[in-house]
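Student: Based on the sequences and whatever the hints tell you, model everything.
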Amino acid sequence: MKKELRVDPTACSGHGLCAELLPELITLDEWGYPIVAREPVPRSLDRHVRRAVTDCPTLALRLLPAS
Amino acid sequence: MTYGTTVPYSASSPGPRGSQRVSPGPAGTGPAGTGPAGGDLPRLLPVHGAVPVDLHTHVSRYAAPPYFGHPGQLIPVLKAAGLTGRGGAAFPVYRKLQAVAEARTRPVVIGNGAEGEPASDKDKSLLWISPHLVLDGLQLAAEAVGSQAVALYVHRNARLQERLRAAVAERAAAGIDRAPVEIIDAPPRFLAGEESALASRISGQPAMPRFKPPRVFERGVVGRPTLVHNVETLAHMALIARYGPAWFRAVGTPGEPGSMLCTLHPADGRRDVVETALGTPLRELLRLDGTQAVLSGGYHGAWVPAADAARMTLSNEDLQPAGAFVGAGVLVALPATRCGIAETARVARYLALESAGQCGPCFNGLPRIAAALDEVASPRPDPRAVTDMIRWAGLVEGRGACHHPDGTTRFVRSALHVFREEIRNHSAGRCVDPAREPFLPLPADTALAAADWS
Ligand SMILES: Cc1cc2nc3c(=O)[nH]c(=O)nc-3n(C[C@H](O)[C@H](O)[C@H](O)COP(=O)(O)O)c2cc1C
Ligand code: SF4
Ligand code: SF4
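Top line first, the protein sequences correspond to chains A and B.
Just remember that our numbering sits 5 ahead of the position in the first sequence, which is counted from 1.
Just remember that our numbering sits 45 ahead of the position in the second sequence, which is counted from 1.
Treat the hints as calculated values from the structure; they're not laboratory data.
Heads up, some of the hints might be wrong.
[What the hints assert, rightly or not] Okay, derived cross-link-like pairs now, SDA-like style, lysine to any residue, Cα gap no bigger than 25 Å in a straight line:
{"no.": "1", "chain 1": "B", "residue 1": "LYS124", "chain 2": "B", "residue 2": "ALA134"}
{"no.": "2", "chain 1": "B", "residue 1": "LYS257", "chain 2": "A", "residue 2": "ALA24"}
{"no.": "3", "chain 1": "B", "residue 1": "LYS257", "chain 2": "A", "residue 2": "ILE40"}
{"no.": "4", "chain 1": "A", "residue 1": "LYS7", "chain 2": "B", "residue 2": "GLY443"}
{"no.": "5", "chain 1": "B", "residue 1": "LYS257", "chain 2": "A", "residue 2": "ARG11"}
{"no.": "6", "chain 1": "B", "residue 1": "LYS257", "chain 2": "A", "residue 2": "THR15"}
{"no.": "7", "chain 1": "B", "residue 1": "LYS124", "chain 2": "A", "residue 2": "ALA24"}
{"no.": "8", "chain 1": "A", "residue 1": "LYS8", "chain 2": "B", "residue 2": "PRO258"}
{"no.": "9", "chain 1": "A", "residue 1": "LYS8", "chain 2": "A", "residue 2": "PRO47"}
{"no.": "10", "chain 1": "B", "residue 1": "LYS257", "chain 2": "A", "residue 2": "HIS20"}
{"no.": "11", "chain 1": "A", "residue 1": "LYS8", "chain 2": "A", "residue 2": "ALA24"}
{"no.": "12", "chain 1": "B", "residue 1": "LYS257", "chain 2": "A", "residue 2": "ASP60"}
{"no.": "13", "chain 1": "A", "residue 1": "LYS7", "chain 2": "A", "residue 2": "GLU35"}
{"no.": "14", "chain 1": "B", "residue 1": "LYS257", "chain 2": "B", "residue 2": "SER105"}
{"no.": "15", "chain 1": "A", "residue 1": "LYS8", "chain 2": "A", "residue 2": "ALA65"}
{"no.": "16", "chain 1": "A", "residue 1": "LYS7", "chain 2": "B", "residue 2": "ARG264"}
{"no.": "17", "chain 1": "B", "residue 1": "LYS124", "chain 2": "B", "residue 2": "ALA82"}
{"no.": "18", "chain 1": "B", "residue 1": "LYS257", "chain 2": "A", "residue 2": "PRO62"}
{"no.": "19", "chain 1": "A", "residue 1": "LYS8", "chain 2": "B", "residue 2": "GLY443"}
Tutor: Right, here's the structure in full:
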């Protein structure tokens with residue numbers, strides 16, 4: 006099943022670690038909060054995505070079924 | 046036909062008249078026999094003014110709620126009726142019931158009477174005047190999804206809650222209810238009625254939204270599947286269960302059947318609750334002469350120029366192409382003598398303060414958007430304010446745990462478009478209404494309430 010990366014904005018503290026780990030899918034807005042690409046995660050990035058999900062200090066990143 | 050009613054919370058006056066009708070269809074297929082003529086309005090509010098309906102009057106008028114005897118039975122009836130939620134999103138009711146009925150855990154059923162929108166009175170009025178229709182609907186919804194855990198979540202108003210507790214006690218004593226009903230206090234916040242905030246509050250936490258998924262119908266109150274319906278939706282259910290889908294469809298349009306409650310704010314400053322058929326021309330609901338624009342859908346809705354509104358009916362079919370929607374039935378006619386930008390700026394500031402402040406983009410963006418709109422409302426504003434605002438709007442949309450940022454930017458963006466002439470005036474140092482007496486209603490104590498979520 007295709008997956009999509011989402012951020013739970015109530016959990017995210019905006020330190021921006023995810024944008025460093027996964028610049029292909031995540032950029033930061035002018036306040037330092039992540040903007041996550043709304044697209045199915047390409048298979049080639051699977052490992053990086055999982056890494057970002059587990060490394061987010063507030064566990065705010067979610068891998069969900071693509072909408 | 047539309048009927049006004051006395052609203053216990055605001056000035057009252059008779060409502061406007063007129064509605065478009067489609068001819069009644071074949072006899073109802075619901076469990077009960079034929080009811081009153083389907084084309085007659087009002088359905089939810091008593092015909093004669095605002096005398097609240099007690100249990101005796103209610104039962105002699107409608108009979109006891111027609112329990113079906115099994116879960117699930119009401120669902121195809123609601124599907125055939127085409128009832129959609131009256132809390133704002135107009136989502137088909139049967140689909141949510143179906144999802145909750147199919148859940149493996151015992152669900153919770155909540156009637157949503159939070160009515161956090163400051164310009165809306167319809168839910169408080171309905172609960173005050175026709176509480177037993179709402180309570181019937183709650184019981185029937187609970188039966189349909191197989192629930193014994195039922196509550197009514199009600200705007201913080203001691204008189205109203207006291208009356209509802211008495212109504213619930215009276216029904217229990219009369220053996221009318223199958224599931225006990227709890228009355229739960231909703232904090233007076235704009236977001237209190239958002240369904241995940243509601244679920245959080247009823248689970249004993251602050252009334253703040255959370256990230257979805259899981260949706261509330263999957264995991265809501267104390268983690269159980271939760272059916273949340275607006276109290277007006279429940280009242281329609283109570284009547285559809287009695288009189289059937291064809292009766293329900295006897296007013297409204299084929300695509301948007303039935304009637305709905307609206308809170309009208311005509312340009313003369315009155316405030317009325319009326320029940321009207323969907324598809325009623327807006328100009329029959331609000332006199333549009335002397336009006337520059339109509340706000341439809343409340344403070345998460347959109348402005349529509351009065352000349353366009355004059356050609357539209359109360360329907361998403363007409364309103365959505367103009368960027369607006371029916372929502373929970375708030376309609377405001379802004380007089381030509383008022384400044385639409387200043388009015389929108391005042392409400393945007395309120396909406397920014399009502400942010401739960403949990404999500405970075407909402408917390409950072411909404412106050413900046415409100416401040417920029419204040420700038421645009423002032424004489425000779427900084428020309429960067431509008432471009433900043435549009436950039437910030439793009440940065441908050443779709444990035445909150447709830448739709449508060451999206452609703453706020455819809456409202457603000459529509460003002461930038463509809464009142465563009467007024468923006469040009471401000472650039473030249475003029476304003477149509479330099480006195481700036483407030484028109485759009487806001488709660489008096491917004492700033493003080495900012496920290497209180499429970
Ligand atoms: C910010 C926000 C505030 C809301 N406030 C209310 C409310 O006060 N009352 C209400 O019935 N629905 C409110 N809703 C909609 C609810 O989340 C939910 O969709 C609704 O209660 C479902 O009932 P319905 O299907 O009968 O419309 C709100 C939604 C949002 C995004
Ligand atoms: S790493 Fe986590 S907390 Fe930090 S910005 Fe990314 S999502 Fe937010
Ligand atoms: S989007 Fe805004 S209002 Fe909604 S939960 Fe997040 S901070 Fe609160």
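Student: Run the distance test for B:LYS257 versus B:SER105: straight-line Cα separation, threshold 25 Å.
Tutor: violated (44 Å)
Student: Is A:LYS8 close enough to A:ALA24, meaning Cα to Cα at most 25 Å?
Tutor: Status holds; Cα separation ~18 Å.
Student: Is the hinted pair A:LYS7 and B:GLY443 satisfied, with a Cα-Cα distance of at most 25 Å?
Tutor: holds (21 Å)
Student: Is B:LYS257 close enough to A:ARG11, meaning Cα to Cα at most 25 Å?
Tutor: holds (10 Å)
Student: Does the structure keep B:LYS257 and A:ASP60 at a Cα separation of 25 Å or less?
Tutor: Within the cut-off at roughly 21 Å; holds.
Student: Mind checking the alpha carbons of B:LYS124 and A:ALA24 for me, to see if they're no more than 25 Å apart?
Tutor: Outside the cut-off at roughly 46 Å; violated.
Student: Between the alpha carbons of A:LYS8 and B:GLY443, is the straight-line distance 25 Å or under?
Tutor: holds (18 Å)
Student: Could you grab the alpha-carbon distance between A:LYS7 and B:ARG264 and see if it respects the 25 Å cut-off?
Tutor: Holds, at roughly 23 Å.
Student: Given the proposed pairing of A:LYS8 with A:PRO47, does the C-alpha separation stay at or below 25 Å?
Tutor: Status holds; Cα separation ~9 Å.
Student: Take the C-alpha atoms of B:LYS257 and A:THR15, compute the straight-line distance between them, and say whether it is at most 25 Å.
Tutor: Roughly 11 Å separates the two Cα atoms, so the pair holds.
Student: Tell me if the straight-line CA distance from B:LYS257 to A:PRO62 falls inside 25 Å.
Tutor: holds (20 Å)
Student: Quickly compare the C-alpha distance for B:LYS257 and A:ILE40 to 25 Å and report which way the hint goes.
Tutor: holds (17 Å)
Consistency note: the structure conflicts with the earlier hints numbered 7, 13, 14.
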